[in-house]
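Taken in sequence, the protein lines are chains G and R.
If you're matching positions, the first sequence starts at 1 in our numbering and goes up one per residue.
If you're matching positions, the second sequence starts at 1 in our numbering and goes up one per residue.
Do not rely on the hints blindly, as some may be mistaken.
Since the list gives no way to pick one copy over another, a pair counts as held whenever it fits inside one copy or between any two copies.
Said to hold, decoys possible - Below, simulated EDC-like cross-link-like pairs (lysine to aspartate or glutamate); rule was C-alpha separation at most 20 angstroms, straight line:
no., residue 1, residue 2
1, 155, 171
2, 111, 171
3, 158, 97
4, 187, 34
5, 155, 123
6, 159, 195
7, 172, 154
8, 41, 123
9, 111, 125
10, 111, 123
11, 158, 171
12, 41, 195
13, 3, 185
14, 155, 195
15, 149, 125
16, 159, 42
Read the hints as simulated data drawn from the structure, not as lab findings.
It should be emphasised that the depicted structure is a prediction, and the values quoted were computed from it without experimental measurement.
There are 2 protein chains.
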Amino acid sequence: MNKIITISREFGSGGREIGKRLADQLGIAYYDREIITGIAKETGFSEEYVSNISEKGAYSYPFQFGKSFAIYSSLQNNQTEILVTQQKIIKEIAQKESCVIVGRGANVILKEQNPMNIFVYADLESKINRCRQKADENENLSDKEIEQKIIQIDKNRKKYHNILSNLEWGDKRNYHLCINTSGIEIKTMILPLGEYIENWFRRR
Amino acid sequence: MNKIITISREFGSGGREIGKRLADQLGIAYYDREIITGIAKETGFSEEYVSNISEKGAYSYPFQFGKSFAIYSSLQNNQTEILVTQQKIIKEIAQKESCVIVGRGANVILKEQNPMNIFVYADLESKINRCRQKADENENLSDKEIEQKIIQIDKNRKKYHNILSNLEWGDKRNYHLCINTSGIEIKTMILPLGEYIENWFRRR
Numbered sequence: 001m002n003k004i005i006t007i008s009r010e011f012g013s014g015g016r017e018i019g020k021r022l023a024d025q026l027g028i029a030y031y032d033r034e035i036i037t038g039i040a041k042e043t044g045f046s047e048e049y050v051s052n053i054s055e056k057g058a059y060s061y062p063f064q065f066g067k068s069f070a071i072y073s074s075l076q077n078n079q080t081e082i083l084v085t086q087q088k089i090i091k092e093i094a095q096k097e098s099c100v101i102v103g104r105g106a107n108v109i110l111k112e113q114n115p116m117n118i119f120v121y122a123d124l125e126s127k128i129n130r131c132r133q134k135a136d137e138n139e140n141l142s143d144k145e146i147e148q149k150i151i152q153i154d155k156n157r158k159k160y161h162n163i164l165s166n167l168e169w170g171d172k173r174n175y176h177l178c179i180n181t182s183g184i185e186i187k188t189m190i191l192p193l194g195e196y197i198e199n200w201f202r203r204r
Numbered sequence: 001m002n003k004i005i006t007i008s009r010e011f012g013s014g015g016r017e018i019g020k021r022l023a024d025q026l027g028i029a030y031y032d033r034e035i036i037t038g039i040a041k042e043t044g045f046s047e048e049y050v051s052n053i054s055e056k057g058a059y060s061y062p063f064q065f066g067k068s069f070a071i072y073s074s075l076q077n078n079q080t081e082i083l084v085t086q087q088k089i090i091k092e093i094a095q096k097e098s099c100v101i102v103g104r105g106a107n108v109i110l111k112e113q114n115p116m117n118i119f120v121y122a123d124l125e126s127k128i129n130r131c132r133q134k135a136d137e138n139e140n141l142s143d144k145e146i147e148q149k150i151i152q153i154d155k156n157r158k159k160y161h162n163i164l165s166n167l168e169w170g171d172k173r174n175y176h177l178c179i180n181t182s183g184i185e186i187k188t189m190i191l192p193l194g195e196y197i198e199n200w201f202r203r204r
């Protein structure tokens, strides 16, 4: 059976870096942006539009932009289509090959494939620092603004998770390993982490 | 500086086994029962009495046994003495050598020494199974009774933790790594776990 590792993560905690490096270490595929591309292809929406919706709770857009009911309803349909396509694509990926999938509630969507589910988190200071390092996106933001961005994105991830499941996003009970990346250099932790994961799958 | 690893754990999750094996793997000291012995020696109470109190919230005894106020007050004094001595001994241990300390709020007591704090947990089924394996203590208990024992002991640990700190016991934010032992064989995970810990300390 394919080995599926899902990485859920707080924004700025380095979950994506962990996922990417782990996939390299384990010699398996890595899926993140590819899911967006797949959805865009299937639905005909732009990648940017899909990306905005793919980890957000439904109905978050209309209120934010104060659209009319007609647009609200059309957005709602688009969102539903995107989220349904996303689930389909994630299931297809897991059928196809061993892989690391970052975000998008893959831990819940793939429950029946018994993935290893990891949650990555960090203290606020570490998360702000990590965001700062992505200078292109965040160079003009103050610490306070980055903090607000972190809170907003995680709120959306939580909301999205709530559509898929009544399990709480980030509750350690729903993950096999929870990694606090505060103050650590991720690349130094990948080797033992990869071995831990391989042993975890071996137990079956 | 000494490397201090604290293991907090749900009852039945195998935290003690992880602690013991990790100490062997890392070639450092392991403290659990030794703390009880130390407290008993310093205070003059029996090891059994100390053991009953050392991870419980103060004032839990009187209500349980319905003692009179005089006995209540004396128990309260004993508990305070035991908990204060425990803190002193744990601090002495951490000053003396690198070690693994299981339970007793060592993560909070040793905060200033920057220990690596691990939380070990599991689903109920796994915890009941692990308790079953300790046949001597639990052989006459039904699953329901073991479940009640697990809930009661963890409640006491939480209460004890609340005396030491306003941080929540078991909240992943207060630990560097949270390990779900559901369905895994602990000894197979120790090697990568030990390496992860060594790398964690190296970052400083």
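Status of residue 171 relative to residue 155 across identical chains (alpha carbons, at most 20 angstroms): both (14 angstroms within a copy, 19 angstroms between copies)
Identical-chain pair category, residue 111 with residue 171, by Cα at 20 angstroms: within (16 angstroms within a copy, 24 angstroms between copies)
Same-copy or cross-copy closeness of residue 187 to residue 34 [CA-CA at most 20 angstroms]: Classified as neither; 23 angstroms inside a copy, 37 angstroms across copies.
Alpha-carbon proximity between residue 158 and residue 97, which holds within one copy, between copies, both or neither at 20 angstroms: Cα proximity of residue 158 and residue 97: none, with 27 angstroms in one copy and 42 angstroms across.
Intra- versus inter-subunit Cα pairing at 20 angstroms for residue 149 with residue 125: within (14 angstroms within a copy, 39 angstroms between copies)
Up to 20 angstroms CA-CA - residue 154 versus residue 172, copy category: Result: close both inside a copy and across copies, 16 angstroms intra and 16 angstroms inter.
Within, between, both or neither: residue 159, residue 195 at alpha-carbon 20 angstroms: neither (33 angstroms within a copy, 36 angstroms between copies)
Homo-oligomer pair classification [residue 125, residue 111; C-alpha up to 20 angstroms]: For residue 111 and residue 125, the Cα distance is within 20 angstroms only across copies (18 angstroms; inside one copy 33 angstroms).
Alpha-carbon proximity between residue 159 and residue 42, which holds within one copy, between copies, both or neither at 20 angstroms: This pair counts as neither: shortest intra-copy Cα distance 24 angstroms, inter-copy 53 angstroms.
Up to 20 angstroms CA-CA - residue 123 versus residue 155, copy category: Within one copy only: 16 angstroms inside a chain, 27 angstroms across chains, cut-off 20 angstroms.
Copy assignment of residue 155 with residue 195, given that the CA separation must stay at most 20 angstroms: neither (32 angstroms within a copy, 34 angstroms between copies)
Alpha-carbon proximity context of residue 158 and residue 171, limit 20 angstroms: both (11 angstroms within a copy, 17 angstroms between copies)
Consistency with the previously given hints fails for numbers 3, 4, 6, 8, 12, 14 and 16, ordered from lowest to highest.
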